[in-house]
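J.: If you're matching positions, the sequence shown starts at -11 in my numbering and goes up one per residue.
Calculated directly from the structure, the hints in this document are not laboratory data.
Where is the CB? At the ideal position from N, CA and C, for every residue including glycine.
Among the hints, a few may not be true.
Pair by pair, the computed Cβ-Cβ distance ranges are [unchecked claim]: (1) -8 / 161: 22 to 32 Å; (2) 143 / 102: 15 to 25 Å; (3) 189 / 131: 16 to 26 Å; (4) 201 / 119: 18 to 28 Å; (5) 224 / 135: 15 to 25 Å; (6) 224 / 124: 37 to 47 Å; (7) 57 / 210: 19 to 29 Å; (8) 119 / 95: 18 to 28 Å; (9) 96 / 201: 31 to 41 Å; (10) 57 / 182: 33 to 43 Å; (11) 210 / 50: 35 to 45 Å; (12) 203 / 157: 27 to 37 Å; (13) 143 / 35: 34 to 44 Å.
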Amino acid sequence: MSSDGLSIVIPTFNEAENVATLLFELGSLQPLLQRPLEVVLVDDNSPDSTGSIADALGRELGLDLRVLTRNGRRSLGGAIADGLRLCRWDLVCVMDADLSHPARLVPLLVESLDGVDGVVASRYAPGGSIESWPVFRRMVSLTATALARSLLHIRYRDPLSGFFLVRRSCLQGVRITGEGNKPLLEILVSSRPVVKEVPYRFRNRQNGESKLDAQSILDFLHLVGRLRSRCIAQSRMRPESRGEGTANRDS
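Just need the whole structure built from these sequences, with the hints factored in.
T.: Encoded structure:
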């Protein structure tokens, strides 16, 4: 496929209140992007008919939209992993459906890709922020981020971001499991891409319920342990790895 196209992967579960707004916003980006755009929406069989609503609206808007409905265990990370395998274009963006990730930022992510392998929308880069998070949620995020950066030797400020853009070449040979709901972390450790961080303001969801629960935290800890073992193996095989490039220091 041509590298000019962009695939956007969106995992959903019970996002009927948000999906229409998101698809309208993505549809409005087409003139700004000036490139083919496809939306891959992966729905975990939402009881509120998120997938059906999105499918109908996609046709109405003329979006190149594919809806994959998954049955079985619900997992945001698993939905993203399945969506990544369906992408047709060489630029791949991942974002949430709950409107916490502003669609208007997508063109900036694409523009910022020059000279790097990926671009991360960062809550913790200078200029980034988080709006309306309770103290406990903020503490969990900061602790998890510090843990991942320390144990996995990652200098980027927001390796747990759920809003990012990468070239498909970063995914080649990388098995994205979706464990812990942090596919970016798997990509950063497995292929060690050079990425740039773009600050943005994360907005807490206005509608629906957060997917964070105790099981998600346990899954994340297991993921970090598994990736830590991989880091140790990598350091033994490649004493001087590719590193994380100068783009990180400039973000």
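J.: Could you check the hint for me, namely that residue 143 and residue 102 are 15 to 25 Å apart, CB to CB?
T.: This hint holds: roughly 21 Å between Cβ atoms.
J.: Taking the CB of residue 119 and the CB of residue 95, does the distance hold inside 18 to 28 Å?
T.: holds, 21 Å
J.: So the hint says 35 to 45 Å: do the beta-carbon atoms of residue 210 and residue 50 match that?
T.: For residue 210 and residue 50 the Cβ distance comes to about 42 Å; the hint holds.
J.: Given a hinted range of 15 to 25 Å, is it respected by the beta-carbon distance of residue 224 and residue 135?
T.: holds, 22 Å
J.: Between residue -8 and residue 161, does the C-beta distance stay in 22 to 32 Å?
T.: holds, 24 Å
J.: Within 33 to 43 Å: is that where the Cβ-Cβ distance between residue 57 and residue 182 falls?
T.: holds, 36 Å
J.: Has the hinted range 34 to 44 Å been met by the Cβ atoms of residue 143 and residue 35?
T.: holds, 42 Å
J.: Is the distance from the Cβ of residue 203 to the Cβ of residue 157 consistent with 27 to 37 Å?
T.: holds, 33 Å
J.: Is the hinted range of 31 to 41 Å satisfied by the C-beta distance from residue 96 to residue 201?
T.: holds, 32 Å
J.: Range hint 19 to 29 Å: satisfied by the CB atoms of residue 57 and residue 210?
T.: holds, 27 Å
J.: Mind checking the hinted window 18 to 28 Å against the Cβ distance between residue 201 and residue 119?
T.: Since residue 201 and residue 119 have Cβ atoms about 22 Å apart, the given range 18 to 28 Å holds.
J.: Are residue 189 and residue 131 spaced within 16 to 26 Å by their CB atoms?
T.: Holds, at about 21 Å.
In terms of the numbered hints stated before, the structure departs from none.
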